[in-house]
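Enquirer: Heads up: the protein sequence lines correspond to chains A and B, in order.
With my numbering applied, the first sequence corresponds to residues 13 to 265, in that order.
With my numbering applied, the second sequence corresponds to residues 13 to 265, in that order.
Just so you know, not all the hints are guaranteed correct.
Put simply, identical chains are the same to the list, so a pair is met inside one copy or across any two.
Straight-line Cα separation of at most 30 Å, DSS-like style, residue types lysine-lysine; simulated pairs [said to hold, decoys possible]:
no.: 1; residue 1: K81; residue 2: K221
no.: 2; residue 1: K81; residue 2: K262
no.: 3; residue 1: K207; residue 2: K262
no.: 4; residue 1: K115; residue 2: K221
no.: 5; residue 1: K221; residue 2: K207
By construction, these hints were calculated from the structure, which means they are not laboratory data.
In this text, all values refer to a predicted model and were calculated from it rather than measured experimentally.
There are 2 protein chains.
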Amino acid sequence: MEAGDAGDAMGVGEVQGQRMSGRLYGVGVGPGDPELMTLKAVRVLAQAPVVAYPAPAFENGGGESSARKIAAAHIPAGRIEIAIRVPMRPGREPASVYDNAAKSIVAHLEAGRDVAVLCEGDPLFYGSFVYLHDRLADRFPTTIVPGVSSLTACAASANRALVRRDQTLAVLPATLSDEALEARLAAPEAAAILKVGRHLPRLKALLAKLGLVEASTYVAHATRADERVVALADLDAETAPYFSMILVAKERA
Amino acid sequence: MEAGDAGDAMGVGEVQGQRMSGRLYGVGVGPGDPELMTLKAVRVLAQAPVVAYPAPAFENGGGESSARKIAAAHIPAGRIEIAIRVPMRPGREPASVYDNAAKSIVAHLEAGRDVAVLCEGDPLFYGSFVYLHDRLADRFPTTIVPGVSSLTACAASANRALVRRDQTLAVLPATLSDEALEARLAAPEAAAILKVGRHLPRLKALLAKLGLVEASTYVAHATRADERVVALADLDAETAPYFSMILVAKERA
């Protein structure tokens with residue numbers, strides 16, 4: 013347990029006179045550039061004896077966790093590490109993956125060990141951490157360390173305002189139907205379309221139909237070594253990585 | 013000039029063979045807890061000879077800049093500091109404030125000195141930094157250091173998911189009309205209503221009308237010493253600080 017987190021002094025799952033349970037930390041490690049980690053994320057990783065993170069499933073080739081890679085320099089040697097092997101399938105991830113991960117984490121928390129779960133970007137903004145949060149946050153003291161999200165990182169990489177003053181912002185996953193996207197993009201507000209991936213051709217057609225191509229900027233892998241920022245009008249690719257975004261600037265009516 | 017910022021090598025305003033101009037940095041210092049500054053923000057402040065920040069105007073009592081207060085431990089002694097005194101009036105800030113601030117900053121940039129402008133939260137997410145960005149980013153090499161925004165900080169303080177998987181998120185300033193807010197809140201999506209302030213009674217009435225009070229959490233001054241998190245149903249205040257938010261959870265239809 014750490015001091016200084018207001019409201020955490022007597023967390024859920026702690027009983028006076030019994031051994032204190034460990035604390036669950038959801039740690040945002042930011043969008044990719046390790047320098048965009050927060051001082052708090054670095055401190056929590058210096059202290060937590062157990063570190064968990066999502067990683068590609070073995071059936072998808074296994075390999076390195078992106079979140080762990082971002083944080084690697086701040087994970088001391090000898091930590092207990094839990095790689096949560098998440099299958100990359102279309103549709104929802106199997107609940108059993110998170111049931112099993114939660115079980116491993118619970119064992120450490122019940123033994124009094126803090127567990128830091130690494131999350132790309134921010135833990136509560138479209139992250140898979142919510143599946144662990146759903147299972148654990150009611151049972152154990154929990155601290156969320158917010159991180160720089162892909163949303164503001166993409167605006168920074170594009171070097172343009174995301175939203176200003178009285179504008180509204182619509183954050184739209186690319187998986188929405190054409191009808192849903194069109195309804196939202198027709199409104200006089202700024203928009204960010206997330207997780208572009210294989211939806212790129214459809215999104216380009218939709219934005220062209222709405223006369224919004226000139227207002228749109230494409231950003232892939234913001235703040236990473238392979239970052240790409242390009243006006244949508246100049247993008248001739250037919251597919252995009254999962255971690256890419258289209259920012260649409262519109263003035264409020 | 014720093015190495016390692018991809019795409020910054022030959023910025024606007026630099027002419028080969030002439031003295032290089034300084035670089036403009038928009039530095040997000042996060043939502044309030046100084047530990048939520050990024051490592052990059054800390055490094056930029058260690059290096060930049062000039063630091064600028066918004067501060068209350070003298071007619072509003074003058075006094076300390078919130079952004080500077082967050083970053084204070086990382087501003088070395090002896091730096092040139094520019095306090096941008098912003099009048100707290102309803103409506104738009106006078107353009108002359110930013111014209112004058114831009115003029116001061118330009119003098120340093122043209123003399124080859126980097127200038128770091130401190131921004132609460134993230135520089136491009138509803139920040140007054142956009143007024144300087146509008147005036148300077150086309151003329152000088154510019155780097156935005158994204159920060160933890162109030163949006164994800166409030167979700168972290170509330171300890172609840174902001175958006176998950178295929179949900180959309182509507183980010184709505186409280187200054188919107190009842191009609192505009194109602195139309196947006198009626199949609200099946202998550203919502204965050206920013207800058208609650210004096211709009212609190214109206215927002216409570218509107219959310220009650222839409223049956224959304226139980227789905228709403230009020231968060232003021234997230235991650236600051238005077239942070240307050242309370243279910244909207246339990247909030248009996250009639251006014252709220254400017255830096256407060258209502259998070260509305262809704263499942264997608």
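Enquirer: Which earlier hints can't be squared with this structure?
Expert: The structure breaks hints 1, 2, 4; every other hint is satisfied.
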